[in-house]
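2 protein chains.
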Amino acid sequence: VLAAPDARVVATMDLLVEGRHFRRDWTGPYDIGATAAARNLADVAAMGAAPTALLLGLALPGDLAADWVRELARGMAAEAARAGASVAGGDLSSADTITIAVTALGDLAGADPVTRAGARPGDQVAVAGRLGASAAGLALLTAGRSGPAGLVAAYQRPEPPYAAGPQAAAAGATAMIDVSDGLLQDLGHVAAASGVLIGISAGRLPAAPDLAAAAAVLGGAADPRAWLLTGGEDHALVATFPAGQDLPPGWTAIGTVSAAPDGRPGAVTVDGELPPGPGGWDHFRAAGGYSR
Amino acid sequence: VLAAPDARVVATMDLLVEGRHFRRDWTGPYDIGATAAARNLADVAAMGAAPTALLLGLALPGDLAADWVRELARGMAAEAARAGASVAGGDLSSADTITIAVTALGDLAGADPVTRAGARPGDQVAVAGRLGASAAGLALLTAGRSGPAGLVAAYQRPEPPYAAGPQAAAAGATAMIDVSDGLLQDLGHVAAASGVLIGISAGRLPAAPDLAAAAAVLGGAADPRAWLLTGGEDHALVATFPAGQDLPPGWTAIGTVSAAPDGRPGAVTVDGELPPGPGGWDHFRAAGGYSR
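Chains as they are written, first to last, in the working numbering: chain A, 3 to 294; chain B, 3 to 294.
Okay, chain A solo, but in the shape it has when bound:
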């Protein structure tokens, strides 16, 4: 029985499956637990709500070390605390593969929820949190590299800017989403739900530190522009704000909203151009290969 002082509750659920969402040889249990929490807590923050509680469902092989599970629980509890929430309950089952199901609940404290559907022509587009870091860390691990360490750590455990969500809502944000599938794809959801065109400037994106260093380490295989535009899992928040509205601390303007051209609602342009191909990654469309 959890408090819901607002008389509404924001609820979201996410699944993480070993081999799909994490690899035990790439990420330790503390970071896996923290990431499982972060994915859901960021979804709550992206509605403009303050996270209050997590429920955790764990399906685990019977021969998994108890210490591994303890570390996972510790990481999850720490990330929940970072967002102001607690782990309130859950369920355990045996299974051949580790599956982590997390439900996050949140409170709107009287504010209207911020959805994907409220962006209006003329609005500013802004981002809080880091972009490209998790994708760069994954590229480094895939190439057998262990650094730059900050990017590998960003892949292993995102750091969503939870407080930025309610702050954006209080500042009048008209639409918001967290960047879980890549900036272009997630902004595409906002553009489609709002029936608008969203234009961003690549030069204004707040690139994670060390992206250039990672590109130098990886040489020709690196694509820092793709990390920024299509890299998911950093759980930055991206929102639209009324024109002229001062942005809250931590938010960086990256573009503007305009009316959708005839027959093209939902498009996102980069420096005025429509990017080629899909902007992100989909569990069932992906032909193969490992991805977060």
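Simulated from the structure, these hints should not be mistaken for laboratory data. All residues carry an ideal CB built from backbone N, CA and C; glycine is no exception. One or more hints might be untrue.
Stated by the list, open to error - Derived DEER-like restraints, expressed as beta-carbon distance ranges: (1) G205(B) with R76(A): 15 to 25 Å; (2) P123(B) with A119(A): 28 to 38 Å; (3) P63(A) with A245(B): 20 to 30 Å; (4) L276(B) with R72(A): 30 to 40 Å; (5) A155(A) with L94(B): 53 to 63 Å; (6) L276(A) with A68(B): 56 to 66 Å.
As the list claims (entries may be wrong) - What the simulated footprint calls covered on chain B by chain A, stretch by stretch (three residues with Cβ under 8 Å from a Cβ of chain A suffice, anywhere in the stretch; the number is not a length): (7) 6 to 19; (8) 83 to 93.
Once you've looked at the hints, dock chain B against the given chain A.
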């Protein structure tokens, strides 16, 4: 964003894993979906709350037929509707094994939650819903039988008496739980949490219809007394009520609560005797074999 008019929300989560909680050759997708919903909705009802919403996390093999998933969703939605709730959201992932994670939310409508910890010496013990039916159905399927059909259907899809939960709360129930692991084990949780002794009379248990017929079909392998006392998954509700309190419709008195003898809080007796051995089934203690 869900309504929580009571300013509190009851939240519970359960996992179902293929091969552990269901077999596709024994139970169809509609019933699997309905069962996944029922397990969680019954947990909410057992707090005395009215279920309001489900979140569904589905991890599925990419080659699973879309029709199978549609039927699962249809069964889940139908069972939610039967309890007065709706399926409000969720998540999808690919996986090698089907895993179903369900979160149920509920509303207390101003009532105090009924926990496991409130049973007091002198209280009556009563049950609503059926006992032994699911276990008998599992025994029949394990033996390669397809009937009595009502018991096989009870294994494939429980029918928790959702409304009996809030009705018991309104009638002053002091403790309540749903029978998911077997009557003795679940009453044991109430006895332990309340620090009392619970005594039940085997002859007063409302046996599911056809248990005797199933026993006749199975011959020496059948144990109808064990089905009633230790069979889980029927999701009957069992509660304690103050002495002399009229029971709401659908509730049957089966025993009484007394003070725990020294050093034995949490015990449950049947006809005055402590049953031998554990009273139910545990995912991690079970040495092997198939079980719900």
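Examine the segment 83 to 93 of chain B: at least three residues should have C-beta closer than 8 Å to a C-beta of chain A. holds (count 4)
Measuring from beta carbon to beta carbon, are L276(A) and A68(B) in 56 to 66 Å? violated (31 Å)
At the C-beta level, are A155(A) and L94(B) separated by a distance inside 53 to 63 Å? violated (28 Å)
Do the Cβ positions of P63(A) and A245(B) conform to the proposed distance bound of 20 to 30 Å? The hinted range 20 to 30 Å is violated for P63(A) and A245(B), with Cβ atoms some 48 Å apart.
At the C-beta level, are L276(B) and R72(A) separated by a distance inside 30 to 40 Å? holds (34 Å)
That 15 to 25 Å hint for G205(B) and R76(A) (C-beta), does it hold up? Given a distance of about 50 Å, which is not inside 15 to 25 Å, the answer is violated.
Taking the Cβ atom of P123(B) and the Cβ atom of A119(A), is their distance within the range 28 to 38 Å? Since the Cβ atoms of P123(B) and A119(A) sit about 57 Å apart, the hinted range of 28 to 38 Å is violated.
For the segment 6 to 19 of chain B, does the count of residues with a C-beta closer than 8 Å to a C-beta of chain A reach 3? Holds, because 14 residues of the segment 6 to 19 of chain B bring their Cβ atoms closer than 8 Å to Cβ atoms of chain A.
This entry does not satisfy hints 1, 2, 3, 5 and 6, going by the numbered hints stated previously.
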